[in-house]
Amino acid sequence: MEWIQNQTTTGRISTIENGADPREPRQPGKWDLRSLLGNAEVVAALGSGLLMLVAWLTSQWSEPISIVLYVISYAVGGWVKAKEGVETLLKERDLDVNLLMIAAAMGAASIGYWNEGAMLIFIFALSGALESYTMERSHKDISSLMELQPETALRIEKGEMVPVSINLLEIGDLILVKPGELIPADGKIYRGGSAVNQASITGESVPVDKSVGDEVFTGTLNGEGVLYIEVTQSAESTLFAKIIRLVEEAESEVPASQRFIKRFESIYARVVVVATLTLIVLATPVLGWDWDTTFYKAMVFLVVASPCALVSSIMPAMLSAISNRARKGVLFKGGAHIENMARTSVVAFDKTGTLTLGAPVVTDFIAGEGWDRHELLGISASIERMSKHPLAMAIVDSAQKEGALLVQAENGQSITGWGMQAEIEGITWKIGKSDILDLPAGAQPLDGEAPPQDENLGVIRENRQYWLSVRNKLESEGKTVSVILKGDHIVGMIALQDAVRPQAALAVRRLQQLGIKVAMLTGDRKATAEVIAKQSGVDMVFSDLLPEDKVSHIKELRARYGHVVMVGDGVNDAPALATATVGIGMGVSGSGTALEVADAVLMNDNIDEIAGTIKLARRVQRIVKQNMIFAIAVILTLIAANFLQGVALPLGVIGHEGSTILVILNGLRLLRSGR
658 MEWIQNQTTT GRISTIENGA DPREPRQPGK WDLRSLLGNA EVVAALGSGL LMLVAWLTSQ
718 WSEPISIVLY VISYAVGGWV KAKEGVETLL KERDLDVNLL MIAAAMGAAS IGYWNEGAML
778 IFIFALSGAL ESYTMERSHK DISSLMELQP ETALRIEKGE MVPVSINLLE IGDLILVKPG
838 ELIPADGKIY RGGSAVNQAS ITGESVPVDK SVGDEVFTGT LNGEGVLYIE VTQSAESTLF
898 AKIIRLVEEA ESEVPASQRF IKRFESIYAR VVVVATLTLI VLATPVLGWD WDTTFYKAMV
958 FLVVASPCAL VSSIMPAMLS AISNRARKGV LFKGGAHIEN MARTSVVAFD KTGTLTLGAP
1018 VVTDFIAGEG WDRHELLGIS ASIERMSKHP LAMAIVDSAQ KEGALLVQAE NGQSITGWGM
1078 QAEIEGITWK IGKSDILDLP AGAQPLDGEA PPQDENLGVI RENRQYWLSV RNKLESEGKT
1138 VSVILKGDHI VGMIALQDAV RPQAALAVRR LQQLGIKVAM LTGDRKATAE VIAKQSGVDM
1198 VFSDLLPEDK VSHIKELRAR YGHVVMVGDG VNDAPALATA TVGIGMGVSG SGTALEVADA
1258 VLMNDNIDEI AGTIKLARRV QRIVKQNMIF AIAVILTLIA ANFLQGVALP LGVIGHEGST
1318 ILVILNGLRL LRSGR
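Each residue of the sequence shown is one higher than the one before, starting from 658 at the first, in my numbering.
Hints listed in this document are in silico derivations from the structure and should not be mistaken for laboratory results.
These numbers come from a predicted model, not from an experiment.
One or more of the hints may lead you astray.
To be verified - Using C-beta positions, here's what the derived DEER-type ranges look like:
hint	residue 1	residue 2	range
1	I1286	P1047	38 to 44 Å
2	L747	K845	37 to 43 Å
3	L825	D866	47 to 53 Å
4	V928	I1311	22 to 28 Å
5	I1286	L1203	46 to 52 Å
Glycine included, every Cβ here is placed at the ideal spot set by N, Cα and C.
With the sequences and hints as input, model every part of the structure.
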């Protein structure tokens, strides 16, 4: 790797000049006129409207030419919707609103209302185009977080930089990422350091400092340093690839309410057609209307009774909510799970890696009589830095944070199942489990590797009782306790504990403020579980659980309270995640199995976003109800007005399509919704 050591970083590249990256996605919810006019449906609708206007002006001096222009206007504006309606009729043997609108326009033209029919086509086409555009924008807002994936990477081969497709990268390859470039693969930094913008993956707004040994992810943006990265995941297994799969699932899955509306639309469309035909047949003999009046009112009825606004009441709101949460680092696999989140009664958390960080930290360091705490901590870290065990690494980390002086340790070795030993200035030191205090006198623990237990050990009667009392107190607080031995004498004790996430207590409190009960499910023993429960403030604690026990408790909570959300990160949580109404996986620390089973993923492991997500889900429900009530009210009002007083076809079209656009825009408000 000499070639790497000789490389230097020079300057910055144009993509990050002025503090902006042109590859970053557009701000969600903003209307882009250029992209709007670039939409084929919008262009066709506007063309239809222009032809309608020209045809109306032409009708003043040449009716035949105006009719030709009207026909072209019908074709330009109505082709897409007519095609969709016919395909639904032929392939699914079903009716939809597209066919109803086209039939109404053709009916108006057949009795000489060419302009009214053209206006219907124009407004309906424009409304449909705007609906398609807004739905597309929602989809883009979701996937815009995933678009930042480079196609090639600079792989280092025999001292040369070789551009290769990211699909050809293999685990163990070394790649170079220059300042301002997108990271092309998941890996660990081999050399170099930089601030990496991880917003596209975790939602973090501030770049994260990365150095040797730190993990980096595909699609994140390198800052101003050169990074040499060792690839740790193949292209199809990266966190980025998993996110793309989640997004694809989110866009394809339809909530139960939307499935109901689609079934209702089919039945309702048939009812409207039958009612229209009945009106045409019976209005003249029963109500005494002339043919033109009857047919005109029937066409107006066909327009205003169509359920366009009702059909559009749900999905724009659902997709907007999914997009909103994606920007906060919460990815849903479908709108159905947003719908279920709104009904949450209980949120159940796994403990390790979810409510806690999943990594031990030193909570207590007790030096024996005559020992300087700082000096003893440095000696302990000097021994433990030879081990990769999580407890050993926590001790080293604690010493480094406190600035303890490390010394030279020699002949270090692991004592299987107990701890570590090493020599410092010719004296043997050992650090390991405190169960040595429980051994009877004369015993030979740990296959003869641990010191003999006799009166010369230092665990003499009075000292043994002291250290036992200290250990018992620490263990009652749910901590893991290790002893420090110098020769045959206990000189100190270390307590470690899995640290509670900084935001855990706040996340639990926010859920409780929403009227939601919070439970904790863990395989840890009762004492440890109760300590973490007290620190985080959860309502219910279930400890000493196997994976099947977690499933049983989730079922009991569902039976007692209703809808349950389960949050977990490990393989052992997967059954419970699948059993819950909604399963939420931890995106950074979670296992692949947990992410596959989960219905939603916290990409930045920020459990504080759960309460905000439930609030948003409840708001989605309110907006959907508002939309449906408004849509039904408009339909009933227009139908009544048509029969009681008479409604001009253009006004009926404006009322009908206007209500459709309003419910879509009402749903899109969720794009900008905060907590």
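Hints and how they fare:
1. About 56 Å separates the C-beta atoms of I1286 and P1047, a value inconsistent with the hinted range of 38 to 44 Å.
2. Judged by the Cβ atoms, the range 37 to 43 Å given for L747 and K845 is violated: they are separated by roughly 56 Å.
3. A C-beta distance of roughly 30 Å is found between L825 and D866, which places it outside the suggested range of 47 to 53 Å.
4. Separation of V928 from I1311 is about 24 Å and conforms to the stated range, judged on CB atoms against 22 to 28 Å.
5. Hint check: I1286 to L1203, Cβ distance near 48 Å, so the stated range 46 to 52 Å holds.
Violated hints, listed in ascending order, are 1, 2, 3; each of the other numbered hints is respected by the structure.
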